[in-house]
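Protein chains: 2
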Amino acid sequence: MAMRLSEVSAAVLETQYAVRGPIVARAQALERAGKRIIYCNIGNPQALGQKPLTWIRQGLALGEYPVLADLPGGSFPEDAIENSRRFLEGSGHGLGAYSESKGVRIVRDTVAEFIDRRDGGDGSAAVPVKADPDSIFLTDGASKAVQTALRMLIASAHDGIMIPIPQYPLYSASIALYGGKQVGYYLDEAEGWALSESMLEDAFVAARAEGTKVKAICVINPGNPTGAVLDRDNIAMVIRFASRHGLAILADEVYQDNIYRPGLRFVSFARVMAELGETDVSLFSFHSCSKGLLGECGQRGGYMEIRNIPVDVAAQITKLQSVSLCANLPGQLALYFMVKPPRPGDPSRNLYDHERSAIMDTLKARAILLAEGLSAIPGYSCAPISGAMYAFPRIDIPAGKTDEDYCLDLLETTGICVVPGSGFGQKPGTAHFRTTILPPVADLESVVHAIAAFHATWR
Amino acid sequence: MAMRLSEVSAAVLETQYAVRGPIVARAQALERAGKRIIYCNIGNPQALGQKPLTWIRQGLALGEYPVLADLPGGSFPEDAIENSRRFLEGSGHGLGAYSESKGVRIVRDTVAEFIDRRDGGDGSAAVPVKADPDSIFLTDGASKAVQTALRMLIASAHDGIMIPIPQYPLYSASIALYGGKQVGYYLDEAEGWALSESMLEDAFVAARAEGTKVKAICVINPGNPTGAVLDRDNIAMVIRFASRHGLAILADEVYQDNIYRPGLRFVSFARVMAELGETDVSLFSFHSCSKGLLGECGQRGGYMEIRNIPVDVAAQITKLQSVSLCANLPGQLALYFMVKPPRPGDPSRNLYDHERSAIMDTLKARAILLAEGLSAIPGYSCAPISGAMYAFPRIDIPAGKTDEDYCLDLLETTGICVVPGSGFGQKPGTAHFRTTILPPVADLESVVHAIAAFHATWR
Chain A
1 MAMRLSEVSA AVLETQYAVR GPIVARAQAL ERAGKRIIYC NIGNPQALGQ KPLTWIRQGL
61 ALGEYPVLAD LPGGSFPEDA IENSRRFLEG SGHGLGAYSE SKGVRIVRDT VAEFIDRRDG
121 GDGSAAVPVK ADPDSIFLTD GASKAVQTAL RMLIASAHDG IMIPIPQYPL YSASIALYGG
181 KQVGYYLDEA EGWALSESML EDAFVAARAE GTKVKAICVI NPGNPTGAVL DRDNIAMVIR
241 FASRHGLAIL ADEVYQDNIY RPGLRFVSFA RVMAELGETD VSLFSFHSCS KGLLGECGQR
301 GGYMEIRNIP VDVAAQITKL QSVSLCANLP GQLALYFMVK PPRPGDPSRN LYDHERSAIM
361 DTLKARAILL AEGLSAIPGY SCAPISGAMY AFPRIDIPAG KTDEDYCLDL LETTGICVVP
421 GSGFGQKPGT AHFRTTILPP VADLESVVHA IAAFHATWR
Chain B
1 MAMRLSEVSA AVLETQYAVR GPIVARAQAL ERAGKRIIYC NIGNPQALGQ KPLTWIRQGL
61 ALGEYPVLAD LPGGSFPEDA IENSRRFLEG SGHGLGAYSE SKGVRIVRDT VAEFIDRRDG
121 GDGSAAVPVK ADPDSIFLTD GASKAVQTAL RMLIASAHDG IMIPIPQYPL YSASIALYGG
181 KQVGYYLDEA EGWALSESML EDAFVAARAE GTKVKAICVI NPGNPTGAVL DRDNIAMVIR
241 FASRHGLAIL ADEVYQDNIY RPGLRFVSFA RVMAELGETD VSLFSFHSCS KGLLGECGQR
301 GGYMEIRNIP VDVAAQITKL QSVSLCANLP GQLALYFMVK PPRPGDPSRN LYDHERSAIM
361 DTLKARAILL AEGLSAIPGY SCAPISGAMY AFPRIDIPAG KTDEDYCLDL LETTGICVVP
421 GSGFGQKPGT AHFRTTILPP VADLESVVHA IAAFHATWR
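Chains A and B, in that order, give the protein sequences. With the working numbering, letter number 17 in the first sequence gets 17, and the count goes up by one each step, no holes. With the working numbering, letter number 139 in the second sequence gets 139, and the count goes up by one each step, no holes.
Isolated chain A (complex conformation) (with noise of 0.2 Å):
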């Protein structure tokens, strides 16, 4: 007798995943039957016309066929056949071989002086921010991070996660996967959607009182899909919340080099906590190469570093870890290319600084155009895009209909692919999605008129 859904176990069937749910079958069905789809439910760049960076692309190709550094003619700069072959050394065994659970050393020391340089580790702040390569996991995209940093702290029916509202539904989606309570707090949409102790607080009680014992609280920074980027004091907040009630933070910080509106700064939790003299708040970060500027999503590289957390407890991580063998190490080697950049003077910093500045330009475009121009819709209200890759704009509905309704009715009409805000959490009674910045300046012009006219005659 084959397997029967009704056997299949309940949190399998409760996990939820908007980002690739139905809207998203739908749209590669009409796809397929010929219509153009502009796929704007997802942080996919090079889906949409992103070129990599050739510094990552050189340093990749050098990794898995090694003999092309001996090349004649030089086709390769010096730079990158020097990095790849300090990675090959320091892996022992190159790309074809399992490195250890937690990733290949030399990336692991790479990324701990990375985040030593961006927190002032390297000596440049008044408190120093010193990075350990043994607590910096190497994984498989920062999602396999989350997952296993959620998967350490769940341990029954009761325990709960606090997470934003909205949310990125990988949150959602694991805590119901690994039998926790998710805990949402409100981030506050007339104020830019920023994050307030109080609603913090609120929400930390209201969940207290059904018996649930919070475990953790995550915190998406720049946020995802809100596009707001915290301040030092909002982190310091957060921190201090944690303490108080004995909870973990989740740091999900794989927007850090994303951030548009000028004046504005990536603040990482690392750095507060540091500043603070905070040792007892347990903290898991994370980042990636998906998004920033390389926005190599399927090389699948990414990194959680772990704060105050117990020896004893890091082992079980590494566990973890190890009983599917390593992340895989084109992405390890993809990360420390990432991290260790060409320095000033090397023969590819030139095209590599010139490179960056052309998508940093063009997304802080996009940025501008998709908020200004969702805001100026009838019925419409876009909060600026101060940071990440997406707009959450909130939409005047009919009573009776859903934003499930809208977007599949929008994808129908317009062949524009976004995700209904259900998908992200919202406040009863109000209605959003979240569309991507990432379509090319014109198209992104054409997206905004579509919707434009689609909304003007919807009911």
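The set of hints was computed from the structure by calculation and includes no laboratory data. Treat the hints loosely; a few may be bogus.
Since the list can't tell identical chains apart, any single copy or any two copies may satisfy a pair.
[As the list claims (entries may be wrong)] Dumping the calculated EDC-like pairs for lysine to aspartate or glutamate here, alpha-carbon to alpha-carbon at most 20 Å:
{"#": "1", "residue 1": "319", "residue 2": "210"}
{"#": "2", "residue 1": "319", "residue 2": "14"}
{"#": "3", "residue 1": "364", "residue 2": "257"}
{"#": "4", "residue 1": "51", "residue 2": "132"}
{"#": "5", "residue 1": "35", "residue 2": "409"}
{"#": "6", "residue 1": "51", "residue 2": "70"}
{"#": "7", "residue 1": "51", "residue 2": "89"}
{"#": "8", "residue 1": "340", "residue 2": "113"}
{"#": "9", "residue 1": "319", "residue 2": "404"}
{"#": "10", "residue 1": "319", "residue 2": "100"}
Based on these hints, arrange chain B on the given structure of chain A.
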């Protein structure tokens, strides 16, 4: 308050993965202290000197950095260029974009053609087996595929999964992690680790008597750690057993190209199932680019093929895959080149044949050398190594001592790192260890001598 070990779920704590367990940690510590370690704990061919196939690495380099195809001087053969172009066009966006959750369509099509050629679905068999690309899921190595299948099957703490004893510890670890029950069935060591119907029935009846609901049976063919190869009758017996008791089958076939004894050949569960006309037993089959003659462990390319699984259940598998988006694209490309080798007469064919034969010849030689060498040690018995990459000798050790003690002392004395039989499971009162056949022949001879010398004096 930082996380404590006592808060981590029992399922995580109970998960054990001996292949990377305490003895391996000790080996790494000894190595850092300057001792020479021979790692025989894990099937990681390229870590022990096996060279990657040029075909695969050229494909990966061209995929990562497509301008290489245009290099003057014909640095890459035409067929590698053509194959990589076909992949890149089929993928739509190359290696830097997420693919659909199941994996790039052209790779799944090509895997289906590979299965058809292997199993006679291309018309060469009396009962054609047709593989369906929509039933193929590309994964980060076969380990992730096995975990997905187990996740689908285990819905409660009463659900049991039959696994061979000895087994590959991915199975016991994942069953523990998902909160299921491990139901061990013995393999018959006296008969070269044969699989017998009565031993299956005994295990099933005992589990049911304890209140366990047995959901599936796992079979590893060729066997890890046993080295045994199943014949058609064996496989048909397992299928009938599964049918009788309403079980799904997990067929771990990652060593299908690693068969060394003349006269033996690999027969897939899918093929026998089709020949029997069995359409009601759910089958999950696994394959990988980590083993075989590629040994590309680090690329983390693998796939799962499902048969006789209802559409609504299959949709749940796709959903689980979608939560972490997709398998890494370099691994998908490695798999594509694996299942689409150069054709006779194509420019890459000669080198490909030459490299494959060289690898096959040395693996055969090592399998014989190791099994004969170990069998000749007084106090050892070792079945012939018909397939896979391991020996699992039985050792006589003094009462009161364990195979963990033995393996730890062996490591400290000789630098040889093997895994105790207890990590794989064995009959009470017996002791074994698993060693790979992978060290180069000269090293393998010293390994055998060093083990013999160690065993003669160990008390």
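Is it within, between, both, or neither for residue 319 and residue 14, if the alpha carbons may be no more than 20 Å apart?
Close across copies (11 Å), not inside one copy (27 Å); limit 20 Å.
Residue 340 and residue 113: within-copy, between-copy, both or neither at 20 Å Cα:
within (9 Å within a copy, 41 Å between copies)
My question is about residue 319 and residue 404: at a cut-off of 20 Å on alpha-carbon distance, are they close within one copy, between copies, both, or neither?
between (41 Å within a copy, 18 Å between copies)
Indicate which option fits the pair residue 364, residue 257 if close means a Cα-Cα distance not exceeding 20 Å: within, between, both or neither.
Only inside one copy: residue 364 and residue 257 sit 12 Å apart there, 51 Å across copies, limit 20 Å.
How would you label the pair residue 35, residue 409 (within, between, both, or neither) given a Cα cut-off of 20 Å?
Answer is within: at 14 Å inside a copy they meet the 20 Å cutoff, but 67 Å across does not.
Could you figure out if residue 51 and residue 89 sit no more than 20 Å apart (CA to CA) within one copy, between two copies, both or neither?
between (29 Å within a copy, 15 Å between copies)
Up to 20 Å between alpha-carbons, please classify residue 319 paired with residue 210: within, between, both or neither.
neither (33 Å within a copy, 30 Å between copies)
Between copies, within a copy, both or neither: which fits residue 319 and residue 100 at Cα up to 20 Å?
within (11 Å within a copy, 29 Å between copies)
20 Å Cα cut-off: does residue 51 pair with residue 132 within a copy, between copies, both or neither?
neither (33 Å within a copy, 33 Å between copies)
I want to check one pair: residue 51 and residue 70. Are their C-alpha atoms no more than 20 Å apart within a copy, between two copies, both, or neither?
between (26 Å within a copy, 18 Å between copies)
Hints 1, 4 from the list above are not met by this structure, while the remaining hints are.
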